[in-house]
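Chemist: For what it's worth, the working numbering labels the leading residue of the sequence shown as 109, then goes sequentially.
No wet-lab data here; the hints were simulated from the structure.
Mixed in with the good hints there might be a few duds.
As the list claims (entries may be wrong) - Taking lysine-lysine pairs in the DSS-like style, the calculated list, with each CA pair at most 30 Å apart, reads: (1) Lys302 <-> Lys320; (2) Lys248 <-> Lys295; (3) Lys266 <-> Lys278; (4) Lys194 <-> Lys295; (5) Lys278 <-> Lys302; (6) Lys296 <-> Lys328; (7) Lys141 <-> Lys168; (8) Lys168 <-> Lys144; (9) Lys278 <-> Lys168; (10) Lys302 <-> Lys141; (11) Lys168 <-> Lys302; (12) Lys296 <-> Lys199; (13) Lys266 <-> Lys248; (14) Lys194 <-> Lys236; (15) Lys223 <-> Lys295; (16) Lys295 <-> Lys141; (17) Lys233 <-> Lys168; (18) Lys199 <-> Lys233; (19) Lys328 <-> Lys295; (20) Lys266 <-> Lys295; (21) Lys168 <-> Lys199.
Stated by the list, open to error - For each label pair, taking beta carbons as the anchor points, the in silico distance ranges come out as: (22) Ser209 <-> Glu323: 49 to 57 Å; (23) Asn198 <-> Asp224: 19 to 27 Å; (24) Asp312 <-> Asn134: 25 to 33 Å; (25) Thr294 <-> Asn198: 34 to 42 Å; (26) Lys328 <-> His149: 46 to 54 Å; (27) Arg299 <-> Gly138: 16 to 24 Å; (28) Gly219 <-> Asn284: 31 to 39 Å; (29) Gly219 <-> Thr294: 35 to 43 Å.
Glycine included, each C-beta is placed from N, C-alpha and C at the ideal position.
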Amino acid sequence: MMNKKMNTRSMEQQVVTNFSGSNLVNSDLGGVKAHKGQFNHSALHSSDFSGADLTGSSFKSSDVRNANFDGANLTDCSFLALDLSKASFNKSILVRTNFNSSQLDGATFTGVRLKDVTLTTTDLKTTKFKDCLFDGVDFKYADLSGQRFDGQTFIGVKFDRAALSNTSFKGATLSNVSFHPGFTLTKKYYRLIKTICFDGATMDKLTYAALKGMEANLSKVTVN
Numbered sequence: 109m110m111n112k113k114m115n116t117r118s119m120e121q122q123v124v125t126n127f128s129g130s131n132l133v134n135s136d137l138g139g140v141k142a143h144k145g146q147f148n149h150s151a152l153h154s155s156d157f158s159g160a161d162l163t164g165s166s167f168k169s170s171d172v173r174n175a176n177f178d179g180a181n182l183t184d185c186s187f188l189a190l191d192l193s194k195a196s197f198n199k200s201i202l203v204r205t206n207f208n209s210s211q212l213d214g215a216t217f218t219g220v221r222l223k224d225v226t227l228t229t230t231d232l233k234t235t236k237f238k239d240c241l242f243d244g245v246d247f248k249y250a251d252l253s254g255q256r257f258d259g260q261t262f263i264g265v266k267f268d269r270a271a272l273s274n275t276s277f278k279g280a281t282l283s284n285v286s287f288h289p290g291f292t293l294t295k296k297y298y299r300l301i302k303t304i305c306f307d308g309a310t311m312d313k314l315t316y317a318a319l320k321g322m323e324a325n326l327s328k329v330t331v332n
């Protein structure tokens with residue numbers, strides 16, 4: 109009898125957290141707890157997930173435009189191949205969160221520590237980052253052209269093979285950061301590196317040496 113009750117409870121939990129293929133436009137889901145929730149192929153436009161605990165949840169091929177994830181726990185969540193345009197991540201918990209091949213036009217990340225987050229193969233030209241700490245973040249193949257990371261902190265971050273034309277790191281702190289192109293350095297890549305602004309930035313010796321070897325403009329950089 110006890111096992112039967114436990115199995116029933118487990119099935120109920122499965123039903124509650126599986127919202128794949130659902131129409132949840134403008135839904136109020138603020139503060140909910142949905143570990144390993146399934147929100148795949150769903151309509152989530154303008155939904156409110158503020159303060160929710162969505163640890164381990166999956167969002168795949170869904171419409172999540174204008175969604176509110178402020179203060180939400182998004183640890184181990186997967187946002188794959190979906191539309192997050194103008195979504196808000198103010199003081200969200202982002203640990204091992206995977207944003208891959210997703211649309212983040214106009215999305216905002218404010219006061220966030222991004223820990224071991226992947227933002228790969230994603231267009232981030234108009235994504236807004238403010239007062240963030242990037243710790244172990246992977247930007248491989250991301251388009252960061254014209255992005256402004258002024259005054260923010262980067263620790264163990266990989267910008268390998270990312271598009272970085274005219275990106276700004278004014279006053280930023282960089283430690284153990286990689287800008288490797290993934291191929292033999294070419295004149296085109298040297299020209300691209302020269303467009304990145306590091307004025308007023310502080311960086312460790314290894315990061316400085318690597319960028320100097322790529323002929324980046326480091327005349328106004330402080331080396332620790």
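Chemist: All the hints need checking, so say for each whether the structure fits it.
Modeler: Right, here's what the structure says about each hint:
Taken as a hint, the Lys302 and Lys320 pair is honoured in the structure, with Cα atoms around 10 Å apart against an allowance of 30 Å. Of the supplied pair hints, the one linking Lys248 and Lys295 holds, its CA atoms being roughly 21 Å apart against a limit of 30 Å. This hinted pair checks out: Lys266 and Lys278 have alpha carbons roughly 18 Å apart, not beyond 30 Å. Taking the CA atoms of Lys194 and Lys295, the gap is about 36 Å. The hint is violated against a cut of 30 Å.
The suggested pairing of Lys278 with Lys302 holds, with an alpha-carbon distance near 14 Å, which does not exceed 30 Å. Proximity of Lys296 to Lys328 is assessed by CA-CA distance (about 23 Å); at most 30 Å being required, the pair is judged to hold. For the suggested pair Lys141 and Lys168, the alpha carbons sit about 19 Å apart, so the restraint of at most 30 Å is met. For the hint pairing Lys168 with Lys144, the CA-to-CA distance comes to about 13 Å; that is within 30 Å, so the pair holds.
This hinted pair does not check out: Lys278 and Lys168 have alpha carbons roughly 35 Å apart, beyond 30 Å. Using a Cα cut-off of 30 Å, the hinted pair Lys302 and Lys141 is violated, with the two alpha carbons roughly 47 Å apart. For the suggested pair Lys168 and Lys302, the alpha carbons sit about 37 Å apart, so the restraint of at most 30 Å is broken. Of the supplied pair hints, the one linking Lys296 and Lys199 is violated, its CA atoms being roughly 38 Å apart against a limit of 30 Å.
Between the alpha carbons of Lys266 and Lys248 the distance comes to roughly 7 Å, so the proposed pair stays at or under 30 Å and holds. A hinted pair counts as satisfied when its Cα atoms are at most 30 Å apart, and Lys194 with Lys236 qualifies at roughly 9 Å. A distance of roughly 33 Å separates the Cα atoms of Lys223 and Lys295; the hinted pair therefore is violated under the 30 Å criterion. Between Lys295 and Lys141 the CA atoms are separated by roughly 51 Å; this puts the pair beyond 30 Å, and the hint is violated.
At most 30 Å may separate the alpha-carbon atoms for a hinted pair to count; Lys233 and Lys168 meet this at roughly 22 Å. For the suggested pair Lys199 and Lys233, the alpha carbons sit about 21 Å apart, so the restraint of at most 30 Å is met. Distance check on the hinted pair: Lys328 and Lys295 sit about 23 Å apart at the alpha-carbon level, within 30 Å; holds. Distance check on the hinted pair: Lys266 and Lys295 sit about 21 Å apart at the alpha-carbon level, within 30 Å; holds.
Of the supplied pair hints, the one linking Lys168 and Lys199 holds, its CA atoms being roughly 23 Å apart against a limit of 30 Å. Take Ser209 and Glu323: their Cβ atoms lie about 32 Å apart, and the range 49 to 57 Å is violated. Look at Asn198 against Asp224: about 20 Å separates their beta carbons, and that is inside 19 to 27 Å. At roughly 47 Å, the beta carbons of Asp312 and Asn134 sit outside the given window of 25 to 33 Å.
For Thr294 and Asn198, the Cβ-Cβ distance of about 40 Å falls inside the hinted range of 34 to 42 Å, so the restraint holds. At roughly 49 Å, the beta carbons of Lys328 and His149 sit within the given window of 46 to 54 Å. Restraint check, Arg299 to Gly138: a C-beta distance of roughly 47 Å breaks the suggested window 16 to 24 Å. Range check, Gly219 to Asn284: about 23 Å between beta-carbon atoms, so the 31 to 39 Å window is missed.
Taking the beta carbon of each, Gly219 and Thr294 are about 38 Å apart, inside 35 to 43 Å as hinted.
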